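**Q** Residue numbers (the working numbering), protein chains in the order written: chain F, 519 to 705; chain A, 960 to 1603.
Hints may be right or wrong, so weigh each one.
Computed list of lysine-lysine pairs in DSS-like fashion (alpha-carbon distance at most 30 Å, straight line) [what the hints assert, rightly or not]: (1) K1472/A x K1541/A; (2) K1491/A x K596/F; (3) K1491/A x K1472/A; (4) K1539/A x K596/F; (5) K1539/A x K1096/A; (6) K1479/A x K1437/A.
Looking from chain F toward chain A, a few residues come up when the C-beta cut is under 8 Å (computed) [said to hold, decoys possible]: (7) P530; (8) E532; (9) E533; (10) D558; (11) P561; (12) D564; (13) Y609.
It is worth saying that the hints were derived from the structure and are not from the lab.
Since the structure is predicted, the reported quantities are computational estimates derived from the model, not experimental observations.
Note that CB positions come from ideal geometry on N, CA and C, so glycine has one too.
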Amino acid sequence: MSATAVVLFAHPAEEASRTGAMLADKVEGMNGVSVRRLYDLYPDFDVHVEQEQAAWDAADVIVLQHPFYWYSSPALLKEYLDVVLEHGWAYGKGARALSGKSLLSVITTGGSDAAYSAAGHNQFTVEELLRPFEATAHLCGMTYEPPLTLHNANHVSDDMRADFLGTYERRLASLLAARSVEVGRVA
Amino acid sequence: MTSSFLFLATVFLAAAVIAVPFFQRLGLGSVLGYLIAGVVIAPILAWLGVDAVAISHIAEFGVVMMLFLVGLELEPAKLWRLRGPILGVGGAQVLITAFVMMATGMVFGLDWRMGLALGLALALSSTAIVLQTLNEKNQLGTPTGQNSFSVLLFQDVAVIPILAALPFLAHPGGFASDHASTGDGHGNDGGGHGEDHGSASDALFDLTTMLPAWGQAMVSVAVIAGIVVAGRFLLRPVFRTVARTRIRELFTAVALLIVVGIAFLMGAIGLSAALGTFIAGVVLADSEYRHELEGDIEPFKGLLLGLFFITVGAQINFAILLAEPLVIAALLVGLVALKAAVVYALGTIIRLEQGNRITFALLLAQGGEFAFVLFGFMISEDVLPRSITERFTLVVALSMVVTPLLLMFNEMVIQPRLKAETAPRAEDRPDDENAVIIAGFGRVGTVITRFLLGQGIQATVLDNNPDQVEFMRRFGMKSFYGDPSRVDLLNSAGAGAARLLIVAVDDPGEAVKIVETARKNFPHLKIVARAKGRTDALSLTRAGAEGVVRETFDGALMIARQSLEMLGVKPYAARRAANKFKDYDLELLKEQIRSDFDNVDEAERIRRVRAIVDELESLFVQDSQSGKEALRDTWVNNPNAEDR
């Protein structure tokens, strides 16, 4: 039995996106990977909790792919995590639904590499700014994978975008392969 | 003949119309207004040779109607919960008061039989005054109101055994000297049993004289059972059939038929008419026609009670009052003080808080209309001499006059002092009304009601389609038949205590009428109304609705949003566009309402709307570069757009 990944893609203005939408479209073609476009599913922010929990249940790898909005996720993804990761299911006494799954953040930013550093004008690295997600994964007993970041997503060259897509795909594939071995062993 | 009747009616009505608003303005309540009106027109009545006593017997029927209305407010379960107060507090009040009066009378040298008879007659309070006052102050649901009502109900029933017992208290020697003059006093026909409020039972129909005691009891039980059974199973289909005819006065006729018919029936078997109609009221209390019945009977009751109070005022015998002012004053003070003391003591026993105890005591401290009836009967049965009943008739009438004054003193002086000491308590509010009233139970009203029920919010629903109401009742919804634009229906549906009125009727004219009525009579109510389109929204806002929802607008917007998605626009983008459009449109509507209120002319109105269109367009267009001209055309030039 092979492992699966679900990409939760949160982009409020996908129609104006140059990179994020392309990345989501491409990885959707991979074996065992499904994409949930949150702003299409829940334009009114009424996230369907049971349906989303079922998606997390079915996946071994959960990917949060989104542009950086004010150093964090767009509002809908925050709303999503607030309502879907319920106490008693995702965390709390006896809650093991997400235990052992992988959480991977895939971030596109508008700033430069240099800007996201202690010396840059954003003061913090993307890894540092993603601490809340890391802590979330930890509380839910998930493995927090090192995040992938594409800076300057609006202006990078097509080659760099293609490179990044390659990294993203290889990362997904290796996570899935590792999980498949595990799944096989358990079975 | 006709002209003298019309003249009499004119006198009565004019007196009421002048006196009642005046006294109400002074905060003394309508009862005192009527009583004083009676005092004022007494000379005119005397000059016309009109017998105020005879009129008062007709007017007492108002009390029968009032008991019917009280019954309507009291579902059987609620009545059952009151059994303690009725038998306990009511019984104690009548017996203790009667015996204390008897003892007092004996101290002053009365024979014990005369003392007891007098005590029994004076123990009864005025149902008419007390319930009218409680109604006016909206206090029937409070602990004080419930206890007062319980006592009054017991008194109403107690009249029957008292009447039966009086002959045994007859003075052995009789009062031959004044027996002969029974013509002009307060004696009624003296026919005997069950001659109470308005049940002018004719000898022809006085079945009871023909039967032995056990037979009488059987007949009584059978009739009451008949009223209950008919009320439960027969009246409902009758109401429905009548309501379907949509002839309003026919419904009123049925309502009157029930009350009058039952009163007659009860009189015929020697029972209290008030008791009979009260039972009928209780049986119908959980019927969907309850509010309509209330609305129909209410005006009759009001007029008859008013007439009754006027005749009480007119009966005040100034000759005696002027001849022995001190004696009468002493008797008056004694009566009120003694009755109040007994009730106050009972209030302590049943643990009413102090403020309520005082109100309770003062409410029930007067003599009642029953006393007039009993005095008349006592004279004919040689229980009391005319010299005594004459004075006490005057004292009872005066005690009715001072009741509103005492209550006002209580309200303005005593209660505020106590209030300062104790914080107001939640139980003082009537608690049996829903916070939400929904007018109109069609497609829209049904959805709202279901949604609110899902949120645990009970709503009282009004609709003038009997079949619809019947249907929803089967699902356990609290719904009532009637025209929601009538103030009396709104009132009896609890608009006085409700917080929100939802107007969901289909007909725009109807909706505006309901909003206007509700706004005028219940200024505290929040009102949300359903409008068809822009024009309705304007008139509903003008009528006083705080929230106006155009039923077609949100639907149209949803269609537009879905269409946009089907054209390939992302759902979230479509949502934002639709919401922005909504804001834009609401802003226009608000401006129209503002212009409407400012009463500006056409040119100014167009200028203002254009200013808003320009302002909002610039915002709108920041997101979507195209379509500006189209928008302008839609909003300014397209006449159809005006009503969406």
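**Q** Interface hint check: E532/F, Cβ to nearest Cβ on chain A, cutoff 8 Å. Holds or violated?
**A** 6 Å, holds
**Q** When the nearest CB of chain A is found for E533/F, is that gap smaller than 8 Å?
**A** Given a least distance of 5 Å, the restraint on E533/F holds.
**Q** Below or equal to 30 Å on CA atoms is what counts here, so check K1491/A against K1472/A.
**A** 15 Å, holds
**Q** Would the hint linking K1539/A and K1096/A be met if the CA-CA limit is 30 Å?
**A** 49 Å, violated
**Q** Would you settle whether the hint for Y609/F is holds or violated, based on the nearest Cβ-Cβ distance to chain A being less than 8 Å?
**A** Result: violated, 29 Å to nearest chain A Cβ.
**Q** Taking 30 Å as the top limit, are the C-alpha atoms of K1491/A and K596/F close enough?
**A** 39 Å, violated
**Q** Closer than 8 Å between Cβ atoms is the bar; does P561/F clear it against chain A? Give me holds or violated.
**A** Since chain A brings a Cβ to about 4 Å from P561/F, closer than 8 Å, the hint holds.
**Q** Given D564/F was flagged as interface, is its beta-carbon under 8 Å from a beta-carbon of chain A?
**A** At 11 Å from the nearest chain A Cβ, D564/F fails the 8 Å test, so the hint is violated.
**Q** Close enough to count: is the Cβ of D558/F nearer than 8 Å to one in chain A?
**A** D558/F check passes; min Cβ-Cβ to chain A is 5 Å, inside 8 Å.
**Q** Next pair to validate is K1479/A with K1437/A; report whether the Cα-Cα distance is within 30 Å.
**A** This hinted pair holds, its Cα atoms lying about 25 Å apart.
**Q** Is the shortest C-beta separation between P530/F and chain A less than 8 Å?
**A** 6 Å, holds
**Q** Hinted pair, alpha-carbon criterion (30 Å max): K1472/A, K1541/A. Please report holds or violated.
**A** 28 Å, holds
Against the hints set out earlier in the document, violations occur for numbers 2, 5, 12, 13.
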